[in-house]
Amino acid sequence: MALVLYNYDLDENCYKVRLALSMLNIGHETVAVNAFPGREQETPPFLAMNPMGTLPILKDGDLTLFGAEAILAHLARSQDGTGRWLPVDRDGFAHVMQWLVFAAGELSVATRARANALFGTPGDEAALRAGAGRAIGAMEDAMTVNGFAGQDWFAGAVPTVADVALFPAFALSRDFGVDHDEYPALRKWARRFRAIPGFVTMPGIPDYH
Amino acid sequence: MSMAPGWHPVALSGSLDPGTSAGTHLDGREYVVWRDNSGVAQVWEDRCPHRGMKLSFGFVRGDHIACLYHGWQFDRGGRCRYIPAHPDLEVPATITVPVFATTEACGMIWTTTKAEAERVAPPPDPGETVPIGSLHAACGTEGLLDAVRAMPAAPYVAGTAGGELSQVVGTLWRLTVAGDALLLGLQRLDDARSALHVAIEGSAATYAGAGQAHWYQWIRALRHRLNAAPAVGARPAAAMAEAV
Chain A
1 MALVLYNYDL DENCYKVRLA LSMLNIGHET VAVNAFPGRE QETPPFLAMN PMGTLPILKD
61 GDLTLFGAEA ILAHLARSQD GTGRWLPVDR DGFAHVMQWL VFAAGELSVA TRARANALFG
121 TPGDEAALRA GAGRAIGAME DAMTVNGFAG QDWFAGAVPT VADVALFPAF ALSRDFGVDH
181 DEYPALRKWA RRFRAIPGFV TMPGIPDYH
Chain B
1001 MSMAPGWHPV ALSGSLDPGT SAGTHLDGRE YVVWRDNSGV AQVWEDRCPH RGMKLSFGFV
1061 RGDHIACLYH GWQFDRGGRC RYIPAHPDLE VPATITVPVF ATTEACGMIW TTTKAEAERV
1121 APPPDPGETV PIGSLHAACG TEGLLDAVRA MPAAPYVAGT AGGELSQVVG TLWRLTVAGD
1181 ALLLGLQRLD DARSALHVAI EGSAATYAGA GQAHWYQWIR ALRHRLNAAP AVGARPAAAM
1241 AEAV
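One line per chain: the protein sequences are A and B, in this order.
Following the working numbering, the numbering of the first sequence begins with 1 at its first residue and continues without gaps.
Following the working numbering, the numbering of the second sequence begins with 1001 at its first residue and continues without gaps.
Please keep in mind that the hints were generated in silico from the structure rather than gathered at the bench.
Computed from a prediction, not measured in an experiment: that's the story for all the values here.
Hints are supplied without guarantee of correctness; some may be wrong.
What the hints assert, rightly or not - For each label pair, taking beta carbons as the anchor points, the in silico distance ranges come out as: (1) A:Asp-124 - B:Asp-1125: 44 to 52 Å; (2) B:Ala-1150 - A:Asp-124: 27 to 35 Å; (3) A:Asp-179 - B:Pro-1018: 16 to 24 Å; (4) A:Gly-27 - B:Leu-1089: 20 to 28 Å; (5) B:Ala-1210 - A:Gly-81: 30 to 38 Å; (6) A:Met-49 - B:Pro-1018: 46 to 54 Å; (7) B:Pro-1087 - A:Pro-37: 38 to 46 Å.
To be verified - Chain A stretches covered by chain B per the calculated footprint, using a threshold of three residues with CB under 8 Å from any CB of chain B: (8) 45–51; (9) 151–158.
Backbone N, C-alpha and C fix where the C-beta goes; we use that ideal spot for every residue, glycine too.
Use the sequences and the hints to build the structure in full.
See the structure below:
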């Protein structure tokens, strides 16, 4: 098959891509990578595909891509005939890009907080947790304000790849000690997200809801 | 300082959809706030009697809430009605979760945690309200009130009334700003943290959308003030303005 995802099931960045592949109903092949404890993604065959030694990596024919948000944008651009998941109108595109960059940037502290909590990777636990709480708080503010305008999703009236990129950090936040109590707008958004056709879970995100 | 008897707000009514649950704290203890599918709100101890799992992590089915761990289901009275691992078992009546009196008023969900407090009348309901938001801060409820008193507020609806903060009853306060009247519910989470729930008296026709956004901005500014303000040595706003 032309599309190959190099995947580790417990990696929330891989989960973003698994979500998009499922929601967009894109046929693909998955290669399981021994990320923990093997750190296989940091070995030469993987570094040849992604010099930063992280997952996920996507091969689409002769195209090799790393970085979950870039992969999400590529999948939407190349596979979504409706154009809804990566809109091209001025505001929709701008907001999708803002939240994709936020997910890969400011929100990545949540990934580090979770890796610290689950796998013992280095870091100041309290500082990581506080940083993740601040980033998730920014998401809560955004969705609260969107809610006042009757907007159910981060970048418009329908779900986009921005929602896909933002969902795992919130859904998995209990892994690093950030509870959902203080985030009512995100709780409602996450509930809507779970109802999108093709939604799948990962370890740490309950099937039941 | 421990919590006074009476009614305590635990969430804005609008923040909890039917069929969902959320965790919260009162005076350091854990509670689950949940709505059954028909929309009735409940406040319980947030602990499954089986393995101690938080019921707020669980899921609502009809008028039951089920624990995420092993699916034990509890009815509205807090009594366990179904244990999936023993589907034919007549569940003993002794398997229960402590349930607290719950009511909705002023756009908020209220509970009492002490039996004697249940005889205190719940907060008076002013009629239609519009939810604004909740703020969580690392201070006591008095600290929240001090911040509200010190926080400038611009009205959404013009009027002649001045800014006035008054206690309605117990944990419920009213802030009047020109044509707007905000209802403030104070929740003591634990020794170090508290929450402020804000709804506005009035109709959705007046406040839905722009009015909510207006007052949510005030909550964000209030939160900024609370997070930024060190108790000692804070620089006055005038000095900040000069420095800029």
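Taking the hints in turn, this is what the structure says about them:
1. A:Asp-124 - B:Asp-1125: 44 to 52 Å: Holds - the Cβ-Cβ distance for Asp-124 of chain A and Asp-1125 of chain B, about 47 Å, lies within 44 to 52 Å.
2. B:Ala-1150 - A:Asp-124: 27 to 35 Å: Holds - the Cβ-Cβ distance for Ala-1150 of chain B and Asp-124 of chain A, about 33 Å, lies within 27 to 35 Å.
3. A:Asp-179 - B:Pro-1018: 16 to 24 Å: holds, 21 Å
4. A:Gly-27 - B:Leu-1089: 20 to 28 Å: violated, 45 Å
5. B:Ala-1210 - A:Gly-81: 30 to 38 Å: holds, 36 Å
6. A:Met-49 - B:Pro-1018: 46 to 54 Å: Since the Cβ atoms of Met-49 of chain A and Pro-1018 of chain B sit about 47 Å apart, the hinted range of 46 to 54 Å holds.
7. B:Pro-1087 - A:Pro-37: 38 to 46 Å: Between Pro-1087 of chain B and Pro-37 of chain A, where Cβ atoms are some 40 Å apart, the hint holds.
8. 45–51: violated (count 0)
9. 151–158: violated (count 0)
Violated hints for the displayed structure, listed by number in ascending order: 4, 8, 9.
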